[in-house]
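Chemist: Listed in order, the protein sequences are those of chains A and B. Each number in our numbering corresponds to the 1-based position in the first sequence with 150 added. Each number in our numbering corresponds to the 1-based position in the second sequence with 150 added.
Hints listed in this document are in silico derivations from the structure and should not be mistaken for laboratory results. Honestly, I wouldn't trust all of these hints.
Note that the list lumps identical chains together, so a pair holds whenever it fits in one copy or between two copies.
Pairs of lysine-lysine residues, derived as DSBU-like cross-links and limited to a Cα-Cα distance of at most 35 angstroms, are as follows [to be verified]:
id	residue 1	residue 2
1	K440	K430
2	K430	K381
3	K303	K165
4	K188	K401
There are 2 protein chains.
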Amino acid sequence: MKIDASLAAVDQLLKRTIESESIVNDLYRHVFQVSGKKLRAKLCLISSLNESNYEKFDNNYEEIRVQLAAIIELLHSATLVHDDVIDLASQRRGQETVSEAWSNSHAVLIGDYIYSRAFVLMAQIGVPEIIDELADATNKIAQGELIQLQNKKNWSIDKKILEKINYYKTGRLFEAASKTGSIIGKRSKKDANILTTVSKNLGIAFQIQDDLLDYGLSNIDIGKPKLQDIKEQKITFPLMFALEESSNQTKKDIKNLLDNKEVVAEKIYDFVLSTSAIKKCNQLLDNNFKMTQELIRNISDNYISLEMLNLLDEMWKRDY
Amino acid sequence: MKIDASLAAVDQLLKRTIESESIVNDLYRHVFQVSGKKLRAKLCLISSLNESNYEKFDNNYEEIRVQLAAIIELLHSATLVHDDVIDLASQRRGQETVSEAWSNSHAVLIGDYIYSRAFVLMAQIGVPEIIDELADATNKIAQGELIQLQNKKNWSIDKKILEKINYYKTGRLFEAASKTGSIIGKRSKKDANILTTVSKNLGIAFQIQDDLLDYGLSNIDIGKPKLQDIKEQKITFPLMFALEESSNQTKKDIKNLLDNKEVVAEKIYDFVLSTSAIKKCNQLLDNNFKMTQELIRNISDNYISLEMLNLLDEMWKRDY
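Okay, chain A solo, but in the shape it has when bound:
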């Protein structure tokens, strides 16, 4: 409940426009019109909630918690807006992307605006360690996207590279959400470390879930077209696993399909489903979640441990 109330405050803060420029406000409002799941904000809010130390905090403790969680959502949203330029995406969260409704230029600029607004809010909190962590996370997201771009059509991609892409693109900001949250919550070193590792794991799992969702192996409406990764010639875990167990001839055939400008996404989809790739992805997820569950049980703050278990359950239940 406490977390939910703070999460609502994060949403309010995110939706608040502050500029006198109508074009800036229009674009900004469009980006935050549809509320996302806010997993990163939630992880940050859980990590920063430390009632046993409540008296140690300033009066504006709750305000700072909410602000930090909002900052993390701002960074995430800025990367999404730029991703839509990179992926030439027309739909996001069930609505038109900025690049579609306005233009690529607008998307690049409102992304930059949102990034820098996040750093303005960070400067207000004024803890260099937090700024360092979040700047590094933002930096890793860009690197992760570049590595992914570099490995388009790389049908012999190494699992290690895919793991790195997943960590940089998604795990790193999840991790930073808990690390910076723990700083604000003045959490014990032990709990801070566990929370940070747990969030990193969940981020990596979340990205694999996303890769699976792209294959449409779910009834969930993810608010964007499916098989986008294949169409963009991106190799994610499902295809990597499928290729791994294939003959050289099949590998060549798939490579040819990926090389083809008019990729027949459905053919690759059928190929992936004909293998044990999806099963392997789900095993990977199950292992990740089980390991994470064990870690969460070691958190000394019982309330936080419970909140994290709930969040883990929510993520685990996503149905493929």
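Given chain A, work out where chain B should sit, using these hints.
Modeler: What follows is chain B alone, placed relative to chain A:
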């Protein structure tokens, strides 16, 4: 001399690649391969040089000065890389842009990488006031570009809006260079204020010079194609002044030319040159420089005052 030595150190810092990812290094090196004029870094270095207070500083004072100046160039370079996406530019500083040599996606991402690297370095310096100032400047640059985008083909654009665009796009970061430099230099409030205003003025003048250079009214090779602003349907000071003194019929004709997808840039060029617009731009510049010169003379630190006068002279000499 002192400033030049520090400027060389800035250049070295900028050219140093730190990532293990080859794609990140390749892109990064491409961006910093050709050294720009580094006016912003220079303003920052002048503002932070305070020998009379030398003993007050830590051992790493020179290191921090150079780092701050490099941060400002990083921010500037990130905006240039993103600008090239927005303007669909193929040339910058006499070489291919990232968007041309790789792709728009690469340009968006290496821009994000450079931005966030700047913030990582800011966190190392660890002064929230500096982070706040530079985050706000970055934010204003994005806003300035958006306002400009919004006013494409706005043939009745108000001078006030153009002034705002120039300040946000260029003046703001010049201003921030001196403001943050003055913080590192522990400068007197009076000198800090003068330096900050002077740099803001110079930034605005620099943008007007750039607008004029786009009209090719110079022998300087600016390393990019000319008449780009018109081709992108951007109205800058020369065209604004030309329209201001024109009949309604001429205004309509020019509007039709701008509306036309195949803009005949040369026709607009001829129109601008047939008016007193260029003279008015030069008057604007002269007034700016004279006012700035007066301000510089009020700086109490003689060495700094001299350095600023030299820089002003350099800018003033640019030949149109």
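Chemist: Confirm or reject each hint.
Modeler: Status of each hint after checking the structure:
{"no.": "1", "hint": "K440 to K430", "in the structure": "within (15 angstroms within a copy, 72 angstroms between copies)"}
{"no.": "2", "hint": "K430 to K381", "in the structure": "within (22 angstroms within a copy, 53 angstroms between copies)"}
{"no.": "3", "hint": "K303 to K165", "in the structure": "between (39 angstroms within a copy, 31 angstroms between copies)"}
{"no.": "4", "hint": "K188 to K401", "in the structure": "neither (38 angstroms within a copy, 50 angstroms between copies)"}
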